[in-house]
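With the hints as extra help, turn the sequences into a complete structure.
Listed below are the residues making up each chain.
2 protein chains.
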Amino acid sequence: MKTKQKSKLSYKWMDKVPEKGSFRSIFKWGKGDEFKHPSQGFLQVIKQELNLTDSNFKTAEKLGNEKVANDKPVNISSKIAEQLKKIVGQDNFFCDTYHRLKYSKGKSMEDILYLRENIVDKISDLVLHPKDKADVLKIVALCHQKKIPIHVYGGGSSVTLGLDSPKGGVTLVMSTHMNQMIDFCEENQTITVQAGMLGPDYEELLNLAPEILDAGHRYTGGHFPQSFEHSTVGGWIVTLGSGQASSYFGDAYDLVISQEYVTPTGHFTTLDYPGTATGPKVNDILKGSEGCFGVLVGVTMKIFKYLPENTKEFTFMFSDFESTVKAAKAISQSEFGMPSILRISDPEETDVALKMFGLSDSFFARFMGFKKLKPGQRCLMMGQADGEKKFAKNVHHQIKKICKQHNGIYLSGYPMKKWRKGRFSDPYMRDALNDYGVLIDTLETAVTWENLSELYENVRAYIKKQPNTICMTHASHFYAQGTNLYFIFITPADTIETFKKFQRGIIASIEKNKGSLSHHHGIGRMMAPFLETHLGKEQMDVLRTLKIHFDPHNIMNPGGLGL
Amino acid sequence: MKTKQKSKLSYKWMDKVPEKGSFRSIFKWGKGDEFKHPSQGFLQVIKQELNLTDSNFKTAEKLGNEKVANDKPVNISSKIAEQLKKIVGQDNFFCDTYHRLKYSKGKSMEDILYLRENIVDKISDLVLHPKDKADVLKIVALCHQKKIPIHVYGGGSSVTLGLDSPKGGVTLVMSTHMNQMIDFCEENQTITVQAGMLGPDYEELLNLAPEILDAGHRYTGGHFPQSFEHSTVGGWIVTLGSGQASSYFGDAYDLVISQEYVTPTGHFTTLDYPGTATGPKVNDILKGSEGCFGVLVGVTMKIFKYLPENTKEFTFMFSDFESTVKAAKAISQSEFGMPSILRISDPEETDVALKMFGLSDSFFARFMGFKKLKPGQRCLMMGQADGEKKFAKNVHHQIKKICKQHNGIYLSGYPMKKWRKGRFSDPYMRDALNDYGVLIDTLETAVTWENLSELYENVRAYIKKQPNTICMTHASHFYAQGTNLYFIFITPADTIETFKKFQRGIIASIEKNKGSLSHHHGIGRMMAPFLETHLGKEQMDVLRTLKIHFDPHNIMNPGGLGL
Numbered sequence: 001m002k003t004k005q006k007s008k009l010s011y012k013w014m015d016k017v018p019e020k021g022s023f024r025s026i027f028k029w030g031k032g033d034e035f036k037h038p039s040q041g042f043l044q045v046i047k048q049e050l051n052l053t054d055s056n057f058k059t060a061e062k063l064g065n066e067k068v069a070n071d072k073p074v075n076i077s078s079k080i081a082e083q084l085k086k087i088v089g090q091d092n093f094f095c096d097t098y099h100r101l102k103y104s105k106g107k108s109m110e111d112i113l114y115l116r117e118n119i120v121d122k123i124s125d126l127v128l129h130p131k132d133k134a135d136v137l138k139i140v141a142l143c144h145q146k147k148i149p150i151h152v153y154g155g156g157s158s159v160t161l162g163l164d165s166p167k168g169g170v171t172l173v174m175s176t177h178m179n180q181m182i183d184f185c186e187e188n189q190t191i192t193v194q195a196g197m198l199g200p201d202y203e204e205l206l207n208l209a210p211e212i213l214d215a216g217h218r219y220t221g222g223h224f225p226q227s228f229e230h231s232t233v234g235g236w237i238v239t240l241g242s243g244q245a246s247s248y249f250g251d252a253y254d255l256v257i258s259q260e261y262v263t264p265t266g267h268f269t270t271l272d273y274p275g276t277a278t279g280p281k282v283n284d285i286l287k288g289s290e291g292c293f294g295v296l297v298g299v300t301m302k303i304f305k306y307l308p309e310n311t312k313e314f315t316f317m318f319s320d321f322e323s324t325v326k327a328a329k330a331i332s333q334s335e336f337g338m339p340s341i342l343r344i345s346d347p348e349e350t351d352v353a354l355k356m357f358g359l360s361d362s363f364f365a366r367f368m369g370f371k372k373l374k375p376g377q378r379c380l381m382m383g384q385a386d387g388e389k390k391f392a393k394n395v396h397h398q399i400k401k402i403c404k405q406h407n408g409i410y411l412s413g414y415p416m417k418k419w420r421k422g423r424f425s426d427p428y429m430r431d432a433l434n435d436y437g438v439l440i441d442t443l444e445t446a447v448t449w450e451n452l453s454e455l456y457e458n459v460r461a462y463i464k465k466q467p468n469t470i471c472m473t474h475a476s477h478f479y480a481q482g483t484n485l486y487f488i489f490i491t492p493a494d495t496i497e498t499f500k501k502f503q504r505g506i507i508a509s510i511e512k513n514k515g516s517l518s519h520h521h522g523i524g525r526m527m528a529p530f531l532e533t534h535l536g537k538e539q540m541d542v543l544r545t546l547k548i549h550f551d552p553h554n555i556m557n558p559g560g561l562g563l
Numbered sequence: 001m002k003t004k005q006k007s008k009l010s011y012k013w014m015d016k017v018p019e020k021g022s023f024r025s026i027f028k029w030g031k032g033d034e035f036k037h038p039s040q041g042f043l044q045v046i047k048q049e050l051n052l053t054d055s056n057f058k059t060a061e062k063l064g065n066e067k068v069a070n071d072k073p074v075n076i077s078s079k080i081a082e083q084l085k086k087i088v089g090q091d092n093f094f095c096d097t098y099h100r101l102k103y104s105k106g107k108s109m110e111d112i113l114y115l116r117e118n119i120v121d122k123i124s125d126l127v128l129h130p131k132d133k134a135d136v137l138k139i140v141a142l143c144h145q146k147k148i149p150i151h152v153y154g155g156g157s158s159v160t161l162g163l164d165s166p167k168g169g170v171t172l173v174m175s176t177h178m179n180q181m182i183d184f185c186e187e188n189q190t191i192t193v194q195a196g197m198l199g200p201d202y203e204e205l206l207n208l209a210p211e212i213l214d215a216g217h218r219y220t221g222g223h224f225p226q227s228f229e230h231s232t233v234g235g236w237i238v239t240l241g242s243g244q245a246s247s248y249f250g251d252a253y254d255l256v257i258s259q260e261y262v263t264p265t266g267h268f269t270t271l272d273y274p275g276t277a278t279g280p281k282v283n284d285i286l287k288g289s290e291g292c293f294g295v296l297v298g299v300t301m302k303i304f305k306y307l308p309e310n311t312k313e314f315t316f317m318f319s320d321f322e323s324t325v326k327a328a329k330a331i332s333q334s335e336f337g338m339p340s341i342l343r344i345s346d347p348e349e350t351d352v353a354l355k356m357f358g359l360s361d362s363f364f365a366r367f368m369g370f371k372k373l374k375p376g377q378r379c380l381m382m383g384q385a386d387g388e389k390k391f392a393k394n395v396h397h398q399i400k401k402i403c404k405q406h407n408g409i410y411l412s413g414y415p416m417k418k419w420r421k422g423r424f425s426d427p428y429m430r431d432a433l434n435d436y437g438v439l440i441d442t443l444e445t446a447v448t449w450e451n452l453s454e455l456y457e458n459v460r461a462y463i464k465k466q467p468n469t470i471c472m473t474h475a476s477h478f479y480a481q482g483t484n485l486y487f488i489f490i491t492p493a494d495t496i497e498t499f500k501k502f503q504r505g506i507i508a509s510i511e512k513n514k515g516s517l518s519h520h521h522g523i524g525r526m527m528a529p530f531l532e533t534h535l536g537k538e539q540m541d542v543l544r545t546l547k548i549h550f551d552p553h554n555i556m557n558p559g560g561l562g563l
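So the sequences go chain by chain: A and B. If you count by this note's numbering, then the first sequence holds residues 1 to 563, one letter each, in order. If you count by this note's numbering, then the second sequence holds residues 1 to 563, one letter each, in order.
Hints are supplied without guarantee of correctness; some may be wrong.
Each pair may be met inside one copy or between any two copies, as identical chains are not told apart.
What the hints assert, rightly or not - Okay, derived cross-link-like pairs now, DSSO-like style, lysine-lysine, Cα gap no bigger than 27 Å in a straight line: (1) K146 <-> K537; (2) K16 <-> K67; (3) K305 <-> K326; (4) K167 <-> K146.
Treat the hints as calculated values from the structure; they're not laboratory data.
Take a look at the structure:
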């Protein structure tokens, strides 16, 4: 049992590997035996802002330790089920309720709330672990013929209800077997992998390319979403993810050279030219299709030289959010290349971060005071430059110059090191807090520079109208034309319906204030009902047409993307 | 009358502004009163390789000075023609054969050969110059209702038969009125213009942003195709063009933030987020549609800080093509950012270039000999770095380092200056040579590094099989995964049919050798017959489906993209 951070309080965190077959084993973030607790500083903020006391942390509730009853009938005929079993083999075929539930749920706060209530809903009828492309071809052909819905499960980290299966059907789990390398082409700086390869396996393969692949260099995929450890290469593409280093390496969208797709009406691989002028690019049309067009079985991705020795970290503190945004905009528009990681936090997130990093009562805090950087106003910028040595050095140098112009105070690389420690493990904390009725959820959006301030103010105001609620906001993916905003809200438990209403209200507020429905989580079934308003009917009709083209019987994630 | 380069020979170049209404006034490149002759060195190469003597340059033939007869009947009812005239106004309505021919032809060698033969074929019935979007909406609605083909003319520089109108119909000329700025957003670093704005107007507007737009900086669009002076912003996007500085600024594809489209079934503007995760991106689906989906009326483009003071030029000479390619690949894969311009020439192009630049008999040539860089083997690399000062300096520095590792000899910036002089004006020379029966044509392709060598060897071998033919090849747009190859072939006059057979054979050879049908010219009706083989039926079906969606009556450039 590994615990990432021991609380100094006497709270009894529920650090037990979830029981096999339990609801908790489904919704718990990450590995069964890894845990992370809120730091004392973070917990203090939560108690203060949510108006809680130690007594609220005495009795953990709705832990989901109950076993999932095996009582949901399979709505696929036994004849077809047998045919499917024959395709994948007995060992890769599951029809029990537990497996069906496990692979139909993601990691959204809403998923977790339902699972803690032992509610089994919107699950597929069968879970299949295809061995290879041949299996997928047979499954898709049969399901197309018999009009049986197909859902695709990558790493299961969806926070947008991307895995719900309200019409049942089968779920294909890609990460079990379809996680192998297909081809490595050092000359083209590309790697081709099966869609189910998980982030760490992908990155390790590239980092160890000289040893494993007999390559001349070490490489990196450059894609590190917070879900890195529990998401697949294919999942990154079908949901249009962005890694924490996307400002330099690009979003998943930019990293894809070509794709191999099995759709109900065809099986094809897109062309692998990095640039071409032969009409609308089918490769790009498929990106972000969230399982609605077919099954992504293989992808050829751009890779990059792995040069961690060149990394240059930086942290700055600004007097207010406005000047922080201005500095980040100037960095994004100044033609010296981009840092790989760039993050700016609003005052509320900055204060929480300093407490989480244990910097609020320290010499550091006194230094802040001395510099007149006040809590509730001051804002953090963190990041790192990567790439060739002098390139990275110049990016670092130019950022320092710009930040100075905006009266940013250069801090050490220390906060970056603290952030790096938690970059993949912070979600573990959610389970610990949820056990005591503290809900944590996030929503994120893309926005142009022009609309950022209004969006930020209005969405934040909406969230803060909810009593006793923390709202921390950051931007973490930068373009010359705009950025994203990522809202983290922490609020006391309520009924699921009330929570959903509040959360959907935030989405509506984002959309109304000219934010996109998602910058890098995809839309899932959570944002899908807003998509037509967002795109307009004409553009929604284009997606409908593509849907009918690839999937005339509407079996691929039916209802996904609102299609 | 401006003549760009006086020949020292006594050839009588046809430097006369073409007669109004003549075929020559249609096919002549560029401005009527601008001319450019081959340099003495270039002419020497041509005579030698094509086995010509001075006597071949005595009698100019097929000059196209004949007037276009006004004798082609209009195949649109006068009632509908009147309705269309009412929409655009009398002054913007043309039904005479000359105008119909002029706006149905591009600048391919094939276009020119037919026009020199006074052949009037595949022309539209009416030429309309829409005043604004409202006109376009009315025209498209009427033509959709009456099933009348619509062709869109931007700057007319197509070299792929992109303007042919074999089913007649109407041609909309976008550059006459629809060439205005719609919006400038310095905060987002974007500009929104009508699709018909020409390159020089677009670039001037951005360069003079402080004076014209009250901006805080000067900007550049970063897009400089050879056709820059005679192509439109909309044309760049619908054909997926690349500028000569694309390796840094990106291809037209990368520069488009959003588009406003009028299609037979809808009118919409795509969203303007630089990155978003809300399903397949309709903005990207539309790029490269070559007028087959609708009329692009407005575009929002990324712009860049204009920093010409930071430009750092470079030229290197390598001992052979292989090491030149290797150096260019290393540059493209080394993570220090990209130079804006990067060009490598094969031995044949290098030798011609040195003669064109007047460097073959000079001190420079002796220096080459001293360095054992032999004619017929040595290869030129030229380029420039742009961007922020230290960024550009480092790119320049790293390129020098890489080239040295590949035994490249650093030359002055002089060849770059010579190249820059001719970068937009070289096509004028084609007319001069065509007058004496020397044909010049180009084909270009995208290719991955892995396939470059085989493609180069095989396509070059195919071209060189044609007796007395020059084949110069360069790569000029670079990515970590590959580049383009641009074949320029110069061959003696023959019948149009023989020439076409030869030229189509080159396209087939490119396709067979794993090149794309086009890297940045689009495919037009020239490559369209090859598209289904290139993409495969499944992907061609996706384009067919989109075509039917946007244009169910097949009125938008019918037959374009092979649809």
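Inset, instruction - Output the numbers, in ascending order, of every earlier hint that fails for this structure. - result: none
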